[in-house]
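If you follow the hints, you should be able to join the two separate chains into one complex; please do so.
The primary structure of each chain is shown beneath.
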Amino acid sequence: MRKWIALSAVLVAAAVLAPSDAAAQASCPVKIGGVLPLTGSMGPITKKIAESAQLAVEHINAGGGVKGCPVQFILRDDQGQPTVGVDAAKYLVEVERVQAFTGTISSGVTGPIISSITAPSKVVQISCCSTATPFTLDGRSQGYFFRTLPTSKTQAVATASEMARRGLKRTAIIYVNTDFGQDMTRFVKLALPKLGGDIVAEVPYTDNQPSYRAEVTKALAEKPESLLLIGFPKDAVTIVREWLSLGGTQKIALNNSMRVKDFVDGVGGRFLNESFGMDNAQVAGPTVDAFNKAFEDKYKYDSKGPGVHTQYDAMMVLGLAMNIAKDLTGPSIKDAVRQVHAAGGATVGTGPEEYKKALELIKAGKPIKYHGATGPIEFDANGDVTGPALVWKIVNGEIVTDHVISIDQMQALFKKIDG
Amino acid sequence: MMLAQSIADGILTGAIIALGAIGVSFGLQILKFANFAHSELLTWGAYLALVFVAFAGPGTPTAELSFGWQMMAAMALAALLTGCLAWLVDLLIFRRLRRTGAHPMSLVFAAFGAALIMRHVVVMIWGHGTHFYTRELQIALEVLPGVRMLPDQIFILGLTLAIVVALHLYLTYSRTGIAMRAMAESPSLARACGIEVESVIRWTWILSGALAATAGVFLGLTPQLHPEMGFSLLLALFAASILGGTGSLAGAVVGGLLVGLAENLSVLFIGSGYKTAMPFLVLLLVLFFRPQGLFGEKT
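Here the protein sequences come in this chain order: V and D. The working numbering numbers the first residue of the first sequence as 81 and each following residue consecutively. The working numbering numbers the first residue of the second sequence as 641 and each following residue consecutively.
Just so you know, these hints were derived from the structure itself, not from any lab. One thing to keep in mind: the hints can contain errors.
[As the list claims (entries may be wrong)] In the DMTMM-like style, the derived pairs of lysine to aspartate or glutamate whose C-alpha atoms are separated by at most 20 Å in a straight line are:
1. V:K127 with V:D407
2. V:K127 with V:D377
3. V:K249 with V:D167
4. V:K147 with V:D407
5. V:K303 with D:E782
6. V:K314 with D:E868
7. V:K449 with V:E433
8. V:K341 with D:E776
9. V:K341 with V:D359
10. V:K314 with D:E782
11. V:K384 with V:E131
12. V:K111 with V:D415
In isolation and in its complexed conformation, chain D is listed as follows (with noise of 0.2 Å):
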């Protein structure tokens, strides 16, 4: 009984997860570099949002779910604008930094130093505190027995599955998609076939941009945003998007579960103390095991 419950939780958890992972595998994959600015996004995403419900409210409950129209209206400028925001941070640091050939380990400080000035921006604008973006409190369905989710939750991973299947659709048919896999596969090769480069680094970070808005909306829902949001899921993104394999989207998805699934489960097995230290726990299992993680190719 618990167990399916904690199942479920794992899975809610989960997605929301892979979703970041997503944008943290492109970016080991194509950016190559570990871009530990990422979590952040998912706060200003969940912050962009709150805007512009602040001016629209989050409409009346529509169905079962707590909020109306203008809360997806939201989340998807709130997408639009993270992703302009994540290729505006890369024009301001990133890229002056691929320019000059710089180290990727100081393409790795320099997200540290970003993820520092994108979360102290988030305090200055909005302070410490936490926002709501709707006061409205659901009580659960028992949608199988013994398993009772919100109507936001089931919303959220239906609306997840939907951006994960559009999403390889796009990287497997689209030009574009097209052009990022192949400089995951090899930066000098795609080059060398006459894909621009700077056009594809712009469209992934887009891309992590539009994702990371979205789960950080996922996460604003359930129930409350402050600015420490994304920071706290940091370790959660990497492990999910190492477990997986970087730069397979699969790998991301598969990965984000596991992990949500790994610290539900946590607390049900071992005792909430260690929830946490699930994600390392995770991530040194497969360091250990299987370093290209679980979809990746041994290079």
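Isolated chain V, as found in the complex (with noise of 0.2 Å):
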């Protein structure tokens, strides 16, 4: 009977707190939660990340805020674990009933969020950090997660193309066995056969293990002429020296964490002169001089360092949708992130004075296309953003940039590739 009771009051106390159309209209100030890694592993990092976040905050409420309202911003610690974070993120969407969301940067967090807060209450979700390409892809985020660097797709994509562009033919991939490397396999396997390479042979493996023959045996089982190398430095240079040993060719494509000197001095940089590799490129530009500037005017020291620019750009989206979207909703917001970047809009960008001409455009009802601290911002189908990216090689055994694949030329390679 007891338990009876305590159910219809939870009912009742459900109905009488569940929001009403009503209460989502602008009632100031307007809210925007955001859950980071204030203390724990990433603690030292996310340090400038939460700084940048606060003084696009303020970017915002000195350029007119959101539809009249200032912006109120309410940040939680997740502590880089993924139940703190949840959370969190609960008491910011439930009790604190924020408009839109923030955060976070450990995928293993920001997962959980998506898919048990923020897509269930159809809460608008930015991230600065995390790169898993799943929560974009499999449809836990129903449409309402972005994020605001580039994902594993874009290295595994400018990989193909600069593969194809050295002609090298009968690829052999071995990866390592972790959401990053099958992600990686899949988009190549994905973008290299419209480009004109072609894949024989996949092979993942585990890593931390005293030797890699069985796997290389297995590559080179299908006589491969080139070979793409997804993983950590210590393992690949196992891998690559058995790969060599037992007559692979020198034809290697890496992926970015093989740009380290380790990597290349483990295996013998005489061995390295027909690899090449790929890493995320730096922007440049003069709405990324911009923050970098107002950065440091205000905290005196320089931006520098993960996610601190991508962070800055994920509030500046949300300020800006929540002023082109009709109404204060999830699914209005939603719709509107995707307007923040419009075809023939007029370039606005960083700091509040641009902030308040993006508003005065809204409002005369024209399109805007928001250049940010890293560059245009222009999200995908899938919520997801390309970045420019560099492609690298070894020389003597140094590692030297090749050249920049700049973001047009990715956006062109990914027209190619999903068609």
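Written out as structure tokens, the structure reads:
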């Protein structure tokens, strides 16, 4: 009996507290929730990221806020732990009733937040830092998740294009059997055939093994003429040495993790003169400089560091999208995020003045094109962005940059691959 | 074609595992406890050889090998020092526990502790990174149609075979060897026959340490050293020694070869994602169907 009373009490409470559409209409202040690992192993890098988010909120408020209201940013700590992060997000969405959400860094925390909090509650979430591609692809986000940094897809496609450009044929892929390795392999497999290459073998490997002769043998059985190795430096040294010993070709493509001296020295630079690899490239441009200056002026140190630029853009995109949205419900904001970089729009940049300019354009019903702290921010169908990539190679044991693949070239590549 | 290559690779991995497994097997049978610190002796052996190589250099490549006599000397020295290290660990930790009549489980936990300390001392001295004996890169020879092996690997196989034969003769004919086997059969009976138990235990540690060091150096030759190199082989070592039947030399060797083959062939038939699970699987199958091991006797 007592159980029933408790249950009905909960139901009544739920009915009373349930949001009505009217409540979702602008009531000041507009709340944006954030979850970041302020403490824990990622605490040190998060400090600047949180400051960057704070800077963006100041710029938004100085530039006119959201629909006439100032924005209140409520930031909670996830300690780098999924349980803590989900609790924090739950509090923000259900108690604070934030209208939009940003976070977090670790994919292991972001994933559970999407599937258990933001997507079911239809709250738009933008992450500065989580790269795991499944979030935007496996349907769990229902379109409510976006991110402002390139995923592994960018690197995979850039790798495939460079392999094709160099005319590599009959490629064997050896990849580390993790989310990252599988992700990269899947996209390379998608891209390479369309660009003119072909894949003859795919062999996953488990890290920290004393030897990979079995894996290498399996890959070599298909008589490959080139190798794509996706993994981490320590095991990669073993794999490449065994690969070369067993008669494998020196035409080897590598992922970003191998852009370290340890790897080159471990294998021996003289065997790597035909090898090359990929990495994300740093963007330049006036809106990037403006952000860097604003950050330095406020905090008295530079803005270098992972996630600092992408977090600023995550906040600015939320601010702009909430202004574009016809009301502050999740579905409207979700659709508006895609209009932040509209075709034929007037370019708007970083800082309060540019934000104010953007609001005037939006009020006048004109499209805008946001160029942020990481350059132009354009989300693809999945809610991911593209960034420029750089190709590096090894010359006499030294790692040197070969050339940069610009965003425009990346976009063209994506079009070619995605059809 | 690929099958032959996989078998050759499996035998090589198996040879290294076998050398390590002999020590584990001695531990289980003669010392009567599961020494989880054994894998660290492999690591220590490899790093001790590295110290010598760092001074003397790996030597000019002799014949087809990637190293010279210096490497051989380093290996011998490392075997000796690691043997002493194993004995030292016994003196500091296990002997005290034995004297107080500690439960075998206490010894196992002490071994875990010892393993952690030993591994982290390696990190402290040589760092987290990887090391190499030699930066030479060999190109494999086609020893049989479709089977490619490095000269170093052929050397490793040959030396392992020689060591195992020598060990067999030692255990069969030498006084200490016979005493060790007697201890394995029945410690109390051995003691009653006038065998000096502590001396046998000392020799067991030194021998296990030396064999582990040799396995460690072989592991380091193909191709790099890192602080977790021994630890990553721990399960394979235990699987091999239990598979063969503890206390039996032939058992440990055959067990090692079977584990090595199972790992390598699994890549061919099941997929490399499951390679690390193979020692577990072999271990489970043995425990289900022949708990005393292939060469063990029912007790």
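Comparing the hints with the structure gives:
1. For the given pair, V:K127 sits about 32 Å from V:D407 by alpha-carbon distance, which is inconsistent with the 20 Å threshold.
2. Straight-line distance between C-alpha atoms of V:K127 and V:D377 comes to about 17 Å, which keeps the hinted pair within the 20 Å bound.
3. Between V:K249 and V:D167 the CA atoms are separated by roughly 50 Å; this puts the pair beyond 20 Å, and the hint is violated.
4. This hinted pair checks out: V:K147 and V:D407 have alpha carbons roughly 9 Å apart, not beyond 20 Å.
5. Using a Cα cut-off of 20 Å, the hinted pair V:K303 and D:E782 holds, with the two alpha carbons roughly 16 Å apart.
6. Proximity of V:K314 to D:E868 is assessed by CA-CA distance (about 11 Å); at most 20 Å being required, the pair is judged to hold.
7. A hinted pair counts as satisfied when its Cα atoms are at most 20 Å apart, and V:K449 with V:E433 qualifies at roughly 15 Å.
8. Annotation: proposed proximity of V:K341 to D:E776 holds, straight-line Cα distance about 18 Å (limit 20 Å).
9. For the suggested pair V:K341 and V:D359, the alpha carbons sit about 15 Å apart, so the restraint of at most 20 Å is met.
10. For the proposed pair V:K314 and D:E782, the alpha carbon gap of about 28 Å is over 20 Å, so the pair is violated.
11. Using a Cα cut-off of 20 Å, the hinted pair V:K384 and V:E131 holds, with the two alpha carbons roughly 12 Å apart.
12. Restraint check for V:K111 and V:D415: the C-alpha separation of about 19 Å stays at or below 20 Å, so the hint holds.
When the structure is compared with the earlier hints, violations turn up for hints 1, 3, 10 and for no others.
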